[in-house]
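Sequences listed follow chains A and B, in order. Mapping to my numbering: the first sequence position 253 is 783, numbers consecutive. Mapping to my numbering: the second sequence position 408 is 456, numbers consecutive.
If you are wondering where the hints come from, they were derived from the structure by calculation, not from laboratory data. Built from N, CA and C at the ideal position, the CB exists for glycine as well. It is possible that some hints are incorrect.
[Stated by the list, open to error] Below 30 Å or equal to it, Euclidean Cα-Cα: the simulated DSSO-like pairs (lysine-lysine) are:
id, chain 1, residue 1, chain 2, residue 2
1, A, K639, B, K475
2, A, K676, A, K904
3, A, K644, B, K308
4, B, K308, A, K606
5, A, K598, B, K140
6, A, K598, B, K338
7, B, K143, A, K578
8, A, K598, B, K308
9, A, K644, A, K676
10, A, K672, A, K1034
11, A, K759, A, K1347
12, B, K308, A, K1347
13, A, K1056, A, K1066
14, B, K475, A, K644
15, A, K639, B, K308
16, A, K1050, B, K475
17, A, K606, A, K672
[Said to hold, decoys possible] Cβ pair distances, simulated, as ranges:
id, chain 1, residue 1, chain 2, residue 2, range
18, B, E353, A, R983, 55 to 63 Å
19, B, R290, A, Q763, 19 to 27 Å
20, A, R955, B, S370, 53 to 61 Å
21, A, K1034, B, S370, 45 to 53 Å
22, A, G1381, B, R290, 22 to 30 Å
23, B, A436, A, K676, 36 to 44 Å
24, B, D517, A, R686, 48 to 56 Å
25, B, E329, A, Q763, 38 to 46 Å
26, A, E1367, B, S370, 37 to 45 Å
27, B, R290, A, F688, 23 to 31 Å
28, A, N671, B, P156, 50 to 58 Å
29, A, E758, B, P282, 17 to 25 Å
30, A, S824, B, D332, 50 to 58 Å
[To be verified] Quick look at which bits of chain A chain B covers, simulated, 3 or more residues with Cβ under 8 Å:
id, region
31, 913-922
32, 1362-1371
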Amino acid sequence: MIIPAKQFVKLLILLLMGGWISQTLEAQQMGPESVSLTADQTKFFETKIRPVLVRECYSCHSTRSKVKGGLWLDTKLGVLSGGDSGPAIVPGDLDESPLWSAINHVDYKMPPRKKLSDEIISDFRTWIEMGAPDPRVLKENKVNTKITEEEIEKGRQFWAFKKPVSYSPPAVENQRWPVSDIDRFVLHELEQHGLTPAGDAEATMFLRRLSFDLIGLPPTPEQIQWLEKRWDQDREQAILHIVDSLLAKDEFGERWGRHWLDVARYAESTGKELNLTYPQAWRYRDYVIDAFNSDKPYNEFIEQQIAGDLLPVKTDQQWSENLVATGFLAIGPKTLTEQNGRQFNHDLIDEQIDVATRVILGVSVACARCHDHKFDPIPQSDYYAMAGIFNSTTTHYGTIDTLQNRHPSNLLVLPTDDLNPFDNRISTSQLADLKSQLSEKQLELREAQLARRSQRQGDASNNPQTSFANIARLSAVVGGLRAKIQQYDEKGNPYTYFMGVQTKSRPENARLLVRGEFDKPAQEVKRGFPQVLTQKPATIPAKASGRLELGRWMASDENPLSARVMVNRVWQHMFGNGIVRSPENFGATGQSPTHPELLDYLARDFQNNDWSVKTLIRKIATSRIYRSNSEFSTASFQVDPENHFIWRMESRRLEAEVLRDAILRISGDLDAARPRGSLVSEIGTALVRDGVLISTIGSSNPDIKTGLPTRRSGGRSRMNREGGMQQTASPTSPSMAKIDQPVSYRSVYLPVIRDNVTRSMEVFDFAESSMVVGVRETSNTPDQGLYFLNNQFVIQQADKMANRLIKEKSQVKDQIKLAFLLAFGRRANSTELRAAESFYRDFETSQSRFGLSSNVQKLSAVCQGILASAEFRFVN
Amino acid sequence: MMNPEINPSQFPSRRALLKTISSGFGFLAFSSLATLAKARDDKSGSSNNPLASKDPHFPAKAKRVIFLCMRGGPSHVDTFDYKPELIKNHGKTGKFRGSILKSPWDFPACGESGLRISELFPSLGQQADKLCLLRGMNTDLPVHPRALTQMHTGNAQFVRPSLGAWTLYGLGTENDSMPGFVSVNPGAGNAQTYGSSFLPAIYQGTKLSGSRGGGRMRGASASSGGGIPDIANPRLNSRQQRQQLEFIQKLNYEKLRREKEHPGVEGVIESYELAFRMQAEMPDLLDLSKEDQKTLDLYGIGQGETDKFGKQCLLARRMSESGVRFIEISHDNWDTHFNMTTRLPQLCNQIDKPIAGLLEDLQRRGLLDETLVIWAGEFGRTPYAQGADGRDHNNKGYTTWMAGGGVKGGFSYGGTDDLGAVAVDGKCHIHDWHATILHLLGLNHAELTYRYAGRDFRLTDVYGNVMKDIIA
């Protein structure tokens, strides 16, 4: 692996800048190795130290009583791994040992009521300086699994945990129907159940389906005409041609990347009670979109997301790409207010294990955090085998250091310069100005804190509540300024930060936790993978975290699940249902595959074709079954009410993004260019509240309360982006922005803020971004009715659509016809035309309201009605 | 929402009915459509509509819930948990971090039951015989956001459905024109308190916000809609909109005609009907100006400090009447670390008359028996002092209360130790509290499950005991 020295140093420095997190992790690596102590050391501890700990500390800090601040002092492990504020003692280093400053009443005051005698304090000095020898042996808990070797071996025979097999397509009776192997598998099942496949769809129905499925946008009138002409003579060739042309569009990656972002629980903020932004998350989003567009082999795709930082690379460019991919592990929701550092860390690891296993492997290993998996043969120790891998990893997600945020982390810097830097450089004088502001605010903060402390000790002259609010505000300003300064090098050039993971210098195994409780550690578990999914134990070098090995194993043909899980996802996005209808659960409680042999065939074929997603989609899109119509058949319904065997194409509700994008495309307003970054990266580090991003630096400025600058108000985003950049370039400008902005780029680029979803997304069941969402909900709510009837965006788009129609056609009749063609992808029938024409005729317009002519008002009302109809919302 | 299961024998009749409706094509009477839809559902015995009213597991005591949520952790030892020992031990340090602080307020015996309720609640004291005090409450964490989340979802660790969402999932809604779960003023960053998590989104609470000072609530007929997005059309008058809606429904019925079976399209047709009715009813419901002066006075509306919460309480009653299943209203700032002797009386005053008025009004209208009113904060406060004039968080013992909805009135259940520090008998953990609320609604908390990620989840996880002793 080539790591250019210059970049490596840059990376290292930035890593160190984060400060505390690296320290915590260092300390945790010092496991309780049993080094034998000399008799003197033991005696010193037993006579001078242990009695004091028992008398003064255990009542609040022991495994048997309370664990205040996450710290327990009755075991050696507890002393060294410490509590929320890091290790209690760093052997040999007084300055780095919070216990030392606490007993000296410097920072904390411990014991809280009275200071220890000078003599005892001096004993502790001696003890820490001699390396804190501690003879206490951890009384080891041991949790034995109830899952036997035999059960695990039996589990390996479960269909999903065996490697997929290359089945040959089965024989079918109706030999004329299939056009591909996929068809033979599907037809075989249909025939076995006495069912017949549906007839072919009409060209228009097929094209609308294909276009939405592949690029998430409606077909154009030209495409419709083109395909209709060839549908009867040259169907196979025409389909192949149009499939290939859609696969080649950039819009393909925007559509399929979003499917991945659903399961990757992509979002640009932490969520939970203290919701802070991730201004760099968009890099991961763009990485995903680009990966689908370049048809990156899927196994590489997942390998990069699990272990991109560890993969060998030839160029810095490639390295950068791999590093950004690891954002997958960093973008999850975080409870920044969690008081207990260990709990936070275990929850972080848990979230990573959960996402990695459910998304990539389709099994839930995180079920085994607290006890053996209830249904699959995954013992609790298998969970901690994986926990060791992620515990040997540091996660870098940013967020600023404030009073409320108990777990800020640093970001990483890319080894390559941004080709198109988003943040402008600032002048050295601006930088100096920021720095002087910082020291000024730091001073203010320190004074406020001192004032508060003296108040607590009796002097109640000031209002303490106000002063506390003041401290909280100042701490946010200081955190924001510090984060801002860290964005630039000493010359004012912006660093290119990203979210991702790194491996700790000294990886170590995790301890199993009794019932998953962080203060009940049991035996150490060797790092590894779930046994039931592997034939032999993983080989992880002692000095490696095991993440690289995990990524490689997930990406290999040996893995029984990775390929199956992905082909199932692709199938689901094209048919509405997966072959396995529980895409995140291929285990015992998941659904059985409706076409087990087809699933294996597709998985093997996927592997043999270099894990090419486009190849897979092309095969499905050109199959006969994919062009079935959606006609209802009572006879078939009686046999197969859930349409397991695909006796017709399932009708589907379009997703929120597709609806919004389609409206924009039809109205002619869609800006197809990818915006640079996202609204969140423009605003930067910010707090999210009630649909508004509030930059923490800005909050000190009273002026901003007057209104919310909507920097992207209307117009093309390119222009606004430039405006945005100017604003960002000014280092001290306060920023506040509504999340819901009137922009016209594709929905995949809208900000994704946890618990603050934009209106047009939220109303049509956008994926809950705190969870792995393999299947989106498709609700049918009155709220959706209100949206289409009354929403400002819908109404404006209907106006634009009307104007477009008037520009393209002169006759009202033709305008209405074109409206239907654009929205439904087919020509309207006579009933529909009559309804639209009579509505147009009878609709009473208001006199020159909103500056719109009567014709535009009428036509706009018709357009809105068409967009609001069920036909537009569903695809057959 | 996943496709609900369809019984094949069922939909010919559904279809037949819809056909009858759609045959008179040019004319659609929306109200009769709704009636027909209801008849259709009744006839088939079940419905594709996930919000349709459902039978409880067993006969219910309460039909609906009004949850008065007190954010910040109200002090129980100064309000509903009378502790004479605090007076005796005032100033002592003992085992606590601070010195013991007696309550500066008296606890007169109230009502016929003689419940001891703080003098800070003079009006509520007069309603004492309606109250069922739960004095043995406890929860896991003394941290605001997490305890608030646990109070609503049972779990502070993971994102889980809220109590209101579970209730709506279990019982459906009674009014086609209204959302089934409404949360007024839930506060910023508290989406989990009315969220549906893995339950279908349709069970999520509808958030009403912008009630600051109650001003926007009154002006709900304007396009602001009192916090409901897109409730009013900025351009079309109702006649124009009716025309447009008829056009939309014509297209929808045409689609239904062409495609023999399509629950999705039927759903769209129904959702437009409800949306149209909501447009008409919601702004009216939010408009308190039609209430008479006597009622407004009862709630303390227009009387300074009590105005804001009084409006929320009155709104809760109006929603109860119109069949909303779960109504949550909120009151904030109970976090009295400092200046307790001035702030607590203000806070109590702000809610005292409004809540007393709500209980009185519900009873007068015969709604109290079927409406479970719950008052709770996320935890209580310590019996010892913090600084000179405040109390710290206490999750180990505190008080909440219920009224109406099948609970005993003038009743006190459970208790803390002599000083009010820790619950010692009749202990009621949040899981028990949830189990009891569901029980009163006729739902067995152990049976109200939803399958997600391969396992059956419930509000109470693997915990929860129904407190049978408090049931009338």
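Inset, instruction - Of all the hints given earlier, name the ones this structure violates by number, lowest first. - result: 1, 3, 4, 6, 8, 9, 14, 15, 18, 19, 21, 23, 25, 27, 29, 31
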